[in-house]
Amino acid sequence: MRNKEPGMTLIVKTITRLTVGLILLYGIYIVLHGHISPGGGFAGGVIIALSFIHLMLAFGREVALKKLSEARASLFESLGAIMFLSIAILGFLGGCFFFNFFLHKGKPFELFSAGIIALCNIAISLKVGAGLFAIFAVLILFKKLGKDE
Amino acid sequence: MSEYILCLVLFCIGLYCVLRKRNIIKIVIGLGIIEYAINLFFILVGYRTHGRAPILAKDQAITNMVDPLPQALVLTSIVIGLAVTALIVAIAIRIYDKYGTFDISKIRRLRG
Numbered sequence: 001m002r003n004k005e006p007g008m009t010l011i012v013k014t015i016t017r018l019t020v021g022l023i024l025l026y027g028i029y030i031v032l033h034g035h036i037s038p039g040g041g042f043a044g045g046v047i048i049a050l051s052f053i054h055l056m057l058a059f060g061r062e063v064a065l066k067k068l069s070e071a072r073a074s075l076f077e078s079l080g081a082i083m084f085l086s087i088a089i090l091g092f093l094g095g096c097f098f099f100n101f102f103l104h105k106g107k108p109f110e111l112f113s114a115g116i117i118a119l120c121n122i123a124i125s126l127k128v129g130a131g132l133f134a135i136f137a138v139l140i141l142f143k144k145l146g147k148d149e
Numbered sequence: 001m002s003e004y005i006l007c008l009v010l011f012c013i014g015l016y017c018v019l020r021k022r023n024i025i026k027i028v029i030g031l032g033i034i035e036y037a038i039n040l041f042f043i044l045v046g047y048r049t050h051g052r053a054p055i056l057a058k059d060q061a062i063t064n065m066v067d068p069l070p071q072a073l074v075l076t077s078i079v080i081g082l083a084v085t086a087l088i089v090a091i092a093i094r095i096y097d098k099y100g101t102f103d104i105s106k107i108r109r110l111r112g
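In order, the protein sequence lines correspond to chains A and B. Quick note: the first sequence uses this note's numbering, first residue 1, plus one each step. Quick note: the second sequence uses this note's numbering, first residue 1, plus one each step.
The following block holds chain B by itself, in its conformation from the complex:
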């Protein structure tokens, strides 16, 4: 149970980083931390005690292995996270070109 609570703590650290920090780069890092907390949670859900990796090997009978389904899911999630991070970084670079700052409280042209 404690490992799930640690995942929640990691998620909350990322959420704090996204909500509280003003630098766009720090927000991107916070999103990355959130993503990895979720991935770690999925991997831990599929774990069983003393299980080994779900890979076939020569001359070995595998009796106790971890669940491969969350691992395949997390692999897809990592790919999507890579694309999302690249998109956010591109947007951050454009914002820096336009406003000359990474501080979100100084980006005020769209204030209503």
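Chain A extracted, bound-state conformation:
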């Protein structure tokens, strides 16, 4: 049986529908626990991007771009960069670049501690996740343009 709609077979689609949310949640977990366990902004951002790429591989390009369009990915990427820079510059409130203005140092192995490191991790994950997704989407766009010519 041939299915007309784009993407892979029904088995892949069903499994993707079940797992893609878990992958996204795991990425968010890695980002939020970046300052107390291995991982952090980059690794979590890659996992978040992989969840959207997984969606794109299974369902085709349009479905994934409906969840996170190229313009919005670009917006998130720029937002991550500006957030990281503004966190760094807001440190001048306390006197120096990257000064910890937000919370005090806190205790080791607690989630709400470590001041601006958690915020920096969130900014990096936005930048990396949206950027990686945009790279993948644009590579597919290239392929489509080549076929049209």
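Keep in mind the hints are simulated off the structure, nothing from the lab. Heads up, a few of these hints could be off.
Said to hold, decoys possible - Here are the simulated PhoX-like pairs of lysine-lysine, each with C-alpha atoms no more than 25 Å apart in a straight line: (1) Lys105/A / Lys26/B; (2) Lys58/B / Lys106/B; (3) Lys67/A / Lys13/A; (4) Lys21/B / Lys98/B; (5) Lys26/B / Lys107/A; (6) Lys13/A / Lys66/A.
Said to hold, decoys possible - Now the stretches of chain B that chain A is said to cover, found in silico as 3 or more residues with beta-carbon under 8 Å: (7) 30–37; (8) 51–60.
Cβ atoms here follow ideal geometry from the backbone N, Cα and C, with glycine treated the same way.
Here the structure of chain A is known, so what remains is to put chain B in place on it, guided by the hints.
This is chain B only, laid out in the frame that chain A set:
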């Protein structure tokens, strides 16, 4: 010492792939192998025998851990390698659009 020589062997495999193969995709894979050989070498330089990962943990006194500096360096190197690979793949796709082939010996429009 033998692990460093194995790193060199891996590097030479990647170099052979870059210099000898004609398919652009194989050249990209060769560049990836070179990159991973260098990363592995840096990680091995920072290793000490029976060392554990440099991560703080609750209720544990860490006495013998590997050097964390090469690991941070290699993390940055992996990010840069990702960007470089994406750039090379984009260029390869453009070349395929223009010439209709991945064979570098058939791309002759710029021959001097």
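Hints and how they fare:
no. : hint               : verdict
1   : Lys105/A / Lys26/B : violated, 49 Å
2   : Lys58/B / Lys106/B : violated, 60 Å
3   : Lys67/A / Lys13/A  : holds, 16 Å
4   : Lys21/B / Lys98/B  : holds, 21 Å
5   : Lys26/B / Lys107/A : violated, 50 Å
6   : Lys13/A / Lys66/A  : holds, 16 Å
7   : 30–37              : violated (count 0)
8   : 51–60              : holds (count 4)
Of the numbered hints stated above, those contradicted by the structure are hints 1, 2, 5 and 7, listed in ascending order.
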